[in-house]
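Chemist: Below, each chain spelled out in residue letters.
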Amino acid sequence: MTVTNANREPIIRVSDSGPDRSLPTSVSTSDTIVEVGSTGFTTIEPLVMVTRNGTTSFYPQCSSAKLEDIVSAVNETGDVTAAEPDATVDHDPETSQLPVPEGIGLEPGVRDVTGACGWRRPTSPADHKAAGGFVEPDPEAVFDLGDQLRGRGWGDLCHDSSLTETWEAVRAGDGEKTIVVNAQGPDADKLLLGSAPFEVLDGAVALAHAVGGDQVVVYTSTENRHTIETVREAVSAYPDLSLPVDIATGPAEHRAAEPTMALEAIEGNHRLEARIGPPGPESAGLHGQPTLVHTPRTLAHLSVAFRHGEPRNTRMVTVRGDVEAPATVEVPETGTLKTAVDAVKLTGEFKAASVGGQFGGITDDLDIGVDPAALSEANLGTEGVVHLLADERCVVKFVGQRTRYAAEENCGRCVPCREGTTQLADLLRDVYDGTYEPSKMRELTTVMETSSICAFGVEAGRPARTAVAEFEAEFEAHADGRCPAGSCLETLEV
Amino acid sequence: MSSEHHDTADAPPLTEKIAPGTASDPSTGSDAPATVTVDGQEVSVTAGSTLIDAIEAVDTDEYVPALCHYGREGIGPRSECRTCMVDTDAYGVVPACSFPAEDGLRVETDASEASQARDVNFDLVLSNHNLRCTTCGKNGRCELQDGAIEQEIEEPRYGVLDDRDEYEPLDDSSSFIQIDRNKCILCNRCVEACNDVQVEGVLRVEGSGNDTRIGFQSDVETMEESTCVSCGHCATVCPTGSLVEKGIEDATTIPLPGFTQKNSIGKSHENTGKTKGPMTPKKRQQETTEPQMDGGNDLVASADAAATEDNSPTDNWDDGESDWP
Ligand code: SF4
Ligand code: SF4
Ligand code: SF4
Ligand code: FES
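Taken in sequence, the protein lines are chains A and B. Per the working numbering: the first sequence = residues 477 to 970. Per the working numbering: the second sequence = residues 147 to 471.
Calculated from the structure, these hints are not laboratory results. Since the structure is predicted, the reported quantities are computational estimates derived from the model, not experimental observations. Some hints here could point you the wrong way.
Unchecked claim - In silico SDA-like pairs for lysine to any residue, Cα to Cα no more than 20 Å straight-line: (1) A:K821 / A:G581; (2) A:K605 / A:Q573; (3) A:K916 / B:S258; (4) B:K413 / B:E367; (5) A:K542 / A:T519; (6) A:K916 / B:E300; (7) A:K916 / B:E301; (8) B:K163 / A:Q573; (9) B:K163 / A:N745; (10) A:K916 / B:R303; (11) A:K916 / B:K163; (12) A:K916 / B:P302; (13) B:K163 / A:D566; (14) A:K916 / B:D265; (15) A:K605 / A:D716; (16) A:K916 / A:A953; (17) B:K163 / A:H746; (18) A:K916 / B:Q262; (19) A:K814 / B:I299; (20) A:K916 / B:I299; (21) A:K821 / B:S173; (22) A:K916 / B:K413; (23) A:K605 / A:P715; (24) A:K916 / B:F322; (25) A:K916 / B:S261; (26) A:K916 / B:E367; (27) A:K605 / A:S712; (28) B:K163 / A:E743.
Assemble the whole structure, with the sequences as input and the hints as a guide.
Modeler: Shown next as structure tokens:
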């Protein structure tokens, strides 16, 4: 059964990323229910969609009882709108991308690289094929497209930098070459592997062919059970797979996403620390052999680019923090942080955002573009995670917690990060005792940035550094014994 | 480095199981002989060299401490202290000890960013060091002390480790080697000496973040309980007073009435009296009953234990409401 051709009979899609996946996939006598992946907008899940002849109706936050109702109403009348949907949209009957209705909150962003998410059955080769997938571009085409792309996320060996130079090194190298799909990173990567694994695998397989790779290893956290299961199914369903695709897991630790620590984990080291370089993994990677490490985002962008003949200039951004439910949204590079933030409901008045993952930069300005150049210009991170802080949050406390996290979670190898994060956390704690030394903090974060071995230490000082620049008054208030947000009161009263 | 263990006739089963806890670094030396310019002076170095080899060959404009650099016996580069940062025309600020000496590269030691990094990182090393040279067995022959004098450090910006609650107990349990982790700079020389040179597989790096420490692969707490054969290699390579051969741990101590290296900490692991010869009880037991090294099972068990500890059940990307400050 291919979804796209099943228009004469109504087809019912269930999109649910929740841990329990409560909705049954078979109700009463109906067998037309299919499970699709998450749309990225968790707040409306479980989401049920009923499609027939180019019309789809939407039932957000759907219960099992409601699903029973929908099934019987639709079976009786053949009408997709029979069970009072929250929204309905008309679309190309053959569409392979989620058609976006108005009114249930799915509007923000675009659905291009994430087109499959919430629409196609994640592990159905037929659905992927109908969407134009499983193309086998020739190596030169892969390099041409790679030239126009940048690596996405800190787990990518080519984070924010050109891909093809690194690919050339692997192509020119000797030995057993591996493409590592690094899915230890943020929600966007989990979304792609869980909802659109073929997009990621297509990119990895084509890249392997282009550089003469021998194998693909999908690497994720032991805790991402759903991802592991989905990838396993997708690999065994992948038509005519021409090289081995293995799955490897590492501990559920932030640092385990760092590309060289990913290699250590895949090699089975019981303790993860970063490797030094140069040379980097492109010449001495997995077991000392030439290796590429890319995130699912990078690879999905590559594979979608094959179909269009050019890359899609979009960024995947997850918005979380003080929100009702996190959302992962694909934003055109011409868009701003505001576009992404529109995808969620804040639980208070907006105060600030930490932009760029665990060690993002702090800002109160959402009119900043989401393209890497604009973000870097604004001292923000490009990791694709925006953590929102509502007005009752204290920025000093937030960066203190992030800094302490860095002190506890770094691998322990290099001094600027191992000792630097500890000293930085101490300097932030000293503010509560009245000692606020912004220049000392700036000096320390600068050295952490210029001399740490890996991106963990390079970025670990960013929350403190940017918060001191953007929220100076809050730090001064704390040094005077006041917490403007009122959340550090107990500490200050002592 | 640590990944390459050559099989020797008497030790193949051991090498298989050696788990030093460190990364399998690539070799970072240059592919070919190279000529680089250091502070305006041309220096030629052999294949396999890093920038530190060129720097050591000339008088540099500024002092480059390079605390963790050893450069002998195939030990290192660990490249962890980052007190060897220098500026290069092509790559910006890089660690001299592990950066390949590339032909034509121009190196400056006095560029402000590099200089600042060496300075701050040296102070960061001291911030976690129990700086009590007067009661230390390495006083006068300590690489850290030498570096601090040369660097003209008077008042380290982050202070020194002087909070007694934070001190790790001194391990005085072995009759041959004393460990004072409060003086360890985590240069990893001892671990490499033990695993890669002696192929004994006793020492390892364990933990992460500020809990990173030198420990034992057999998952025990003290030197006496470990599989140590008392070869002393680790103490020979240790740059500080962290690993010192017994008998000389007080050798260079300035005789302050009532002060010794041991009571400088206030707590220690003592010898249990079970140790008689150069081999620890654990090692003797292995040698007699289990020539295959029983550390094998221990290693697996300890790896599991480490993994469980590491696996915090919380969402790693959101530390949310943890107490602060
Ligand atoms: S920067 Fe931090 S995480 Fe990276 S090697 Fe250094 S200590 Fe480890
Ligand atoms: S190891 Fe001993 S001699 Fe060296 S700096 Fe530390 S206390 Fe001083
Ligand atoms: S004990 Fe000595 S040799 Fe070993 S890591 Fe510490 S300072 Fe280096
Ligand atoms: S000597 Fe280069 S990092 Fe320590």
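Chemist: If a hint holds in the structure, say so; if it does not, say that too.
Modeler: Each hint tested on the structure:
no., hint, in the structure
1, A:K821 / A:G581, "10 Å, holds"
2, A:K605 / A:Q573, "13 Å, holds"
3, A:K916 / B:S258, "16 Å, holds"
4, B:K413 / B:E367, "14 Å, holds"
5, A:K542 / A:T519, "17 Å, holds"
6, A:K916 / B:E300, "17 Å, holds"
7, A:K916 / B:E301, "15 Å, holds"
8, B:K163 / A:Q573, "51 Å, violated"
9, B:K163 / A:N745, "12 Å, holds"
10, A:K916 / B:R303, "9 Å, holds"
11, A:K916 / B:K163, "45 Å, violated"
12, A:K916 / B:P302, "13 Å, holds"
13, B:K163 / A:D566, "63 Å, violated"
14, A:K916 / B:D265, "13 Å, holds"
15, A:K605 / A:D716, "13 Å, holds"
16, A:K916 / A:A953, "18 Å, holds"
17, B:K163 / A:H746, "12 Å, holds"
18, A:K916 / B:Q262, "12 Å, holds"
19, A:K814 / B:I299, "49 Å, violated"
20, A:K916 / B:I299, "17 Å, holds"
21, A:K821 / B:S173, "51 Å, violated"
22, A:K916 / B:K413, "34 Å, violated"
23, A:K605 / A:P715, "10 Å, holds"
24, A:K916 / B:F322, "43 Å, violated"
25, A:K916 / B:S261, "16 Å, holds"
26, A:K916 / B:E367, "38 Å, violated"
27, A:K605 / A:S712, "15 Å, holds"
28, B:K163 / A:E743, "14 Å, holds"
Consistency with the previously given hints fails for numbers 8, 11, 13, 19, 21, 22, 24, 26, ordered from lowest to highest.
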